[in-house]
Amino acid sequence: MFTRRQALLGAAAASVLTPALLRVAAASTAPATEAEIAGLPREKVTLVAPPHVHAHEQVAKGGPKVIEFTMPIEEKPVVIDDEGTVLQGMTFNGSIPGPMMVVHEGDYVELTLINPETNTMPHNIDFHAATGALGGGALTLINPGEQVTLRFKATRTGTFVYHCAPEGPMIPWHVVSGMHGTIMVLPRDGLKNEKGEALRYDRIYYIGENDFYIPRDEDGNVKTYESHGDSYADTLEVMKSLVPTHVVFNGAKGSLTGDNALKASVGEAVLIVHSQANRDTRPHLIGGHGDYVWEQGKFANPPSKNLETWFIRGGSAGAAFYTFLQPGIYAYVNHNLIEAVELGATAHFVVEGEWNDDLMKQVSAPGPIQVN
Amino acid sequence: MSIKLFEIAYGAAALMSVPVVLASLAGDPHSAMPMAETVMIPARTIDFPLPGEFLAANRAMAAPVEATRVASFRIMKRQVSLSDYRRCVAAGACKAPDAPATTDDVPVTGINGLDADVYARWYSQETGESWRLPTAQEAAAAGAERFAGESFSAVSEAPGNPAVRWIRRYREEAAAKRPSDPRPKLRGSYGPNSLGVEDFGGNVWEWTLTCYNRVTVTTETHEVLSVVENCGVRVLEGRHRAYMSGFVRDGRSGGCAVGTPPENLGMRLVHEDHNPAVAAVRRTLAKLRTAFTT
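Those sequence lines, one after another, are chains Z and H. This note's numbering applies: residue 1 is where the first sequence begins, and numbers increase by one. This note's numbering applies: residue 1 is where the second sequence begins, and numbers increase by one.
Chain Z extracted, bound-state conformation (with noise of 0.2 Å):
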């Protein structure tokens, strides 16, 4: 079948494009076939830790492509907190959360996934922007020693949460032992305000937030564990209660302040891409705005303006655009202010420039009340 959409890009577009790569680009209910897919134009991508994500062009160029992905599975313990607080985790490409991958829509998202023989247990991904499988989960189950591709169809432009589904009680537990991760499907055209105009981001963060439940024993000790397995009983018991121990960025309480400080400088426009694959979080930047917030984080969707703070669902991943205007350290938390200082979820800006006086000012310092 044939659409209007189709036979008017078709028209526009019948001069640049192969007919093969307009169908695919034409976001086409009519299945592109394998010879179609594989006449596209292939690009691997070496991923890299958050919060940085890899290069990337905001706006596509030339049609959709086949974007390879490989991601190792690696199960290991981690430090979560500045007590030495071990969580036996388990995560995509070594870092919790999962590196973000970026697409742009009508892309191929082309992803071998490994789980080394020396991991325990069987692991897959449900990736949210993918269509079907319980988002891939159902083809990509591996064993240690395996290794799986899938390929799905970036259908739908946004920033969406994958994790790890294994089975039962195995996915919550591999979630909130770090397996999820962000993939951020971006229009051909780029970022839009809510008039249509551009939206370019001088920089891009990508923060994870994880929400931990570490047994203690009857004393209050953190417990430690000689593997998974052995944590397993007694760390499902506190997931249930529902009350989390950590609730930090990108894998431990101040992974990103100090020396690993985000960085920025006064008229920079940074995206800040937030997700949280299992519990609701509210995002805010002390000091700052968001001037445009995907709070859903969807793009077919205008943004919101000036938000004080913003929403992301548990499950979901969220965009906000921000221009600094002013230097000075900044904390981005997790606006339950306890969960931001006592449980961990607080990064740190750093931003260098000029100071506006206009913005503010601090018209007579702290003194001796007056008396008149």
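Part of the chain H face toward chain Z, derived, beta carbon under 10 Å:
no., residue
1, Glu53
2, Ala57
3, Arg169
4, Lys177
Below, in silico cross-link-like pairs of lysine to any residue (SDA-like), each with a Cα-Cα straight-line distance of 25 Å or less:
no., chain 1, residue 1, chain 2, residue 2
5, Z, Lys361, H, Arg214
6, Z, Lys65, Z, Gly39
7, H, Lys185, Z, Asp217
8, H, Lys177, Z, Glu352
9, Z, Lys263, H, Asn161
10, Z, Lys361, H, Ala158
11, H, Lys95, H, Gly128
12, H, Lys95, Z, Glu83
13, H, Lys95, Z, Glu342
14, Z, Lys223, H, Leu186
15, Z, Lys361, H, Val164
16, Z, Lys361, H, His222
17, H, Lys177, Z, Val86
18, Z, Lys361, H, Ala163
FYI, nobody ran anything at the bench for these hints, they're computed from the structure. Backbone N, C-alpha and C define an ideal beta-carbon position, used for all residues, glycine too.
Chain H: place on chain Z using the hints.
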């Protein structure tokens, strides 16, 4: 009991304890509490960065460093131990500390400034001697070469841009941050300083009697224009100087959204064997009482 009531009770107890302490100077030969080993700190003049925040012409400036004469005094060689503190808890005088469960010879941690005051009074009664927290000046003198004072600069060098100071200080703190290991170590682990005082500057910060001041001075001569003293916040000395509300037990929860807080809060006491400074200390105690009961 509400905090307010506790503080009033504390104030009353503090008032009564002075005569008790003085009376007990005669000594109780049956005291079961062993006396802590002390080190004599000789009278000396130290370069002492004044505690608090200093402003000149509406701008933060580095704390003035004053050559300060500190009279000789005796101070505990080691920080007060968890086991000694537990005796005070067992006696019903002290509240249980927020310290890890262990029987090792570690310093007490997880105590606030009020806990420290209470312990000092109880320990004085038990030993029949007069013990108190040090002033910040005494802590500096006892810390000797390990005394850090204000290791992070407060000065604002860019008149029109306060962020320059914030960012520089943030980076200094980040650079000074070492891998955190808040678990209390066996006493003596950090070794003695040149005066024989052990573990100063380790991972336990020490409460003092000194209050937080906000001082406004003139630009050129740094003549004091005004002082606002806040005895609800006290000075702790250690790896770097910290300011904590008197009721805070966990240093990491005492800071703001930005900054490197102390790993643990503990104490060591000054032994007043000949009381030249009693009057001065009484005045400070009175101020503390005022701060916590008003």
